[in-house]
Structure formats: structure tokens, C-alpha cells
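J.: Each chain, written out:
Protein chains: 2
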Amino acid sequence: MTDFDTLNTLNGYFQAMPPVAATGIRARDFDGETLRLFAPLAANVNDKGCAFGGSLASLMTLAGWGWLMLNLREAGLVAEIYVADSQIRYLAPLYDDLIGDARLAPDQDWPTILRCLRERQRARAALQAQTFDGRGAVVATLSARFALIAAPTADPRVA
Amino acid sequence: MTDFDTLNTLNGYFQAMPPVAATGIRARDFDGETLRLFAPLAANVNDKGCAFGGSLASLMTLAGWGWLMLNLREAGLVAEIYVADSQIRYLAPLYDDLIGDARLAPDQDWPTILRCLRERQRARAALQAQTFDGRGAVVATLSARFALIAAPTADPRVA
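For the record, the sequence lines run as chains A and B.
Per the numbering used here, the very first residue in the first sequence carries number 124; after that it's consecutive.
Per the numbering used here, the very first residue in the second sequence carries number 124; after that it's consecutive.
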């Protein structure tokens, strides 16, 4: 299920950030468990015609950030969301448009994270993201931890 | 010592890559041991006015890539340079222009890497990079490994 308004909200955030707007990264699909992003290769090539590593890092980091923003929104919470650290593996050069997705890491429990955020105003969440080539093979992976800071009145924030 | 032609060559590569040109990342100084890059905050802000995490990742990855390109060139070698993996820590939000540098990781021996590349046509190299705020405090760090593949006639490559 893709909620058009939900994706539009997220894409509004992406478009408002100059380095993200320049790379054409945008949300394509969100079903509550997985958020999928897309970016055109043309805006993200290196000098050899394949995807720039920094663009893959941006896409996967934003996929994790977006996942958190949308699921917090779903839970009726607003928080500042900062990426704290990440590990990226570049497995193969990518000559196709960039398609990546993110989901909660398997060892994480979302209800516990929400409870922690409600009770302590702060929480941490670990996400996993990957990028695929045109045939669906994984070409890069990211594991990242995000810090969530409750912000009762403000908009979600990105670091 | 900054070699103007050397920095110009590197900046030519950066400018030729659309996602790098869009963020205004450019080389500022290289003394053989440290390569320093710069990018204006305006082209790299997130929705809250501080530096986008993906831009910090790009700047530090390119600092490592550029360090290798320049030092290989210094050694009379040309190789394809691919980032293989990286670990990034985001320590504090950055509200200044982006200034970062890279150097060889302390446990690495550059002559050994060069010998390996000459003899086996392939080598690995570990780099460390960091980003500073306007007062010189470290706001992000990156550790990355790069794969080098000898390319006798081609230009250096970036992943």
C-alpha cells in the first residue's frame, strides 16, 4: 500500500534540501515495513558512468531517516531524527538508476523504541538499507543507528 | 605545500561528476600526507540549516579517494579506485561550511601498498577522514577501505 499524501510529505522534505534535490532522490513506496526510494543515475554518476558512492550513501541514509519519520508520524509522534553512525558496504558498481529501501534492523522492536521515546523523550533505532541494480541484485548495504529526540511542537529534523 | 596543477586535476574530476559538482565539493590543499576538501554549507544544508549527513559522507569519501589518486599519481601509477566499505560517525551537527581532510590510516604502509599494486595489479588501502566545524572541532569521522586496480592506460576511476 502506498499512501500518496504520506510519500508527498516525505518528498517535500527531500526537495527542500538542496543536496537531496540535486540528486533527484524521492520516495516511491511505503508499506509500513519498507520504504523504497529512487534516484536517476544521470544525476548521480561518477566519471565512469556508474553510481557515485556518496549518492548511494545519501540514498540509503535518507531511506532510514524517512522510514523513521513516516513510522513516527504513524504513531502520532514527532521527533528530531539524527543519523548517529553508519556502516556501508559497496558490493558492485551500479550502472542503473538507484533503487534502495530501508527497514528496521531485525534485532529492533519498534513498540519498545516508541515507548522509550514517549517515556524518556529520547531513543535510538537501528535501520538497515540496501541498494539494488536493475535486476534486483544488492549492490550496496547500509546499517545505521539514529538518535530520536522528542519534539512535541517542531517538525521532524534530519541530520 | 599546495601544488596548484595537482589540485586543479583533482577538481576537474570532481566537477565532472554531477552529484559532486552540485555540492560544490573541491580540493583546497594537499601536502602529500593530508588532502583537505571544502564545500559550502548553502549547497549542503538539510531542512534545519545544518549539514546533510550524506554530504558529509560524500566529502569524506572523496577526500580518501582523492588522497589515493594524488599519491598514486605521485608514484607514477594509475589505478581504478573503488571505495569498498566505510564506517561513519556523526558526532555533532555542523552549521559551518564543510571542511574535511583524509590521510592514510595509521596501520597502513604506503610503500607496501604500492609494491602490492605493482606486483599483483591489485591492492587495498585504508584511509581515515574527518570533518571539522569552523573552530576546528571534529564533527564527523570516516574510516574507509578502497580497492585499487592497476590500469596501465586508463584514467583513475572513482566508485
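By construction, these hints were calculated from the structure, which means they are not laboratory data.
A couple of the hints might just be wrong.
So the derived label-pair ranges between C-beta atoms look like this [unchecked claim]:
hint : chain 1 : residue 1 : chain 2 : residue 2 : range
1    : B       : Ala-144   : A       : Tyr-218   : 15 to 25 Å
2    : A       : Ala-215   : B       : Gln-244   : 40 to 50 Å
3    : B       : Val-261   : A       : Arg-245   : 20 to 30 Å
Bear in mind the structure is a predicted one, so any value in this text is a computation, not a measurement.
Just so you know, even glycine gets a beta-carbon here, dropped at the ideal spot from N, CA and C.
J.: It remains to establish, for every hint, whether it holds in the given structure.
T.: So, going through the hints one by one against the coordinates:
{"no.": "1", "hint": "Ala-144(B) - Tyr-218(A): 15 to 25 Å", "verdict": "holds (20 Å)"}
{"no.": "2", "hint": "Ala-215(A) - Gln-244(B): 40 to 50 Å", "verdict": "violated (19 Å)"}
{"no.": "3", "hint": "Val-261(B) - Arg-245(A): 20 to 30 Å", "verdict": "holds (23 Å)"}
In this structure, only the earlier hint numbered 2 is contradicted, and the remaining ones agree with it.
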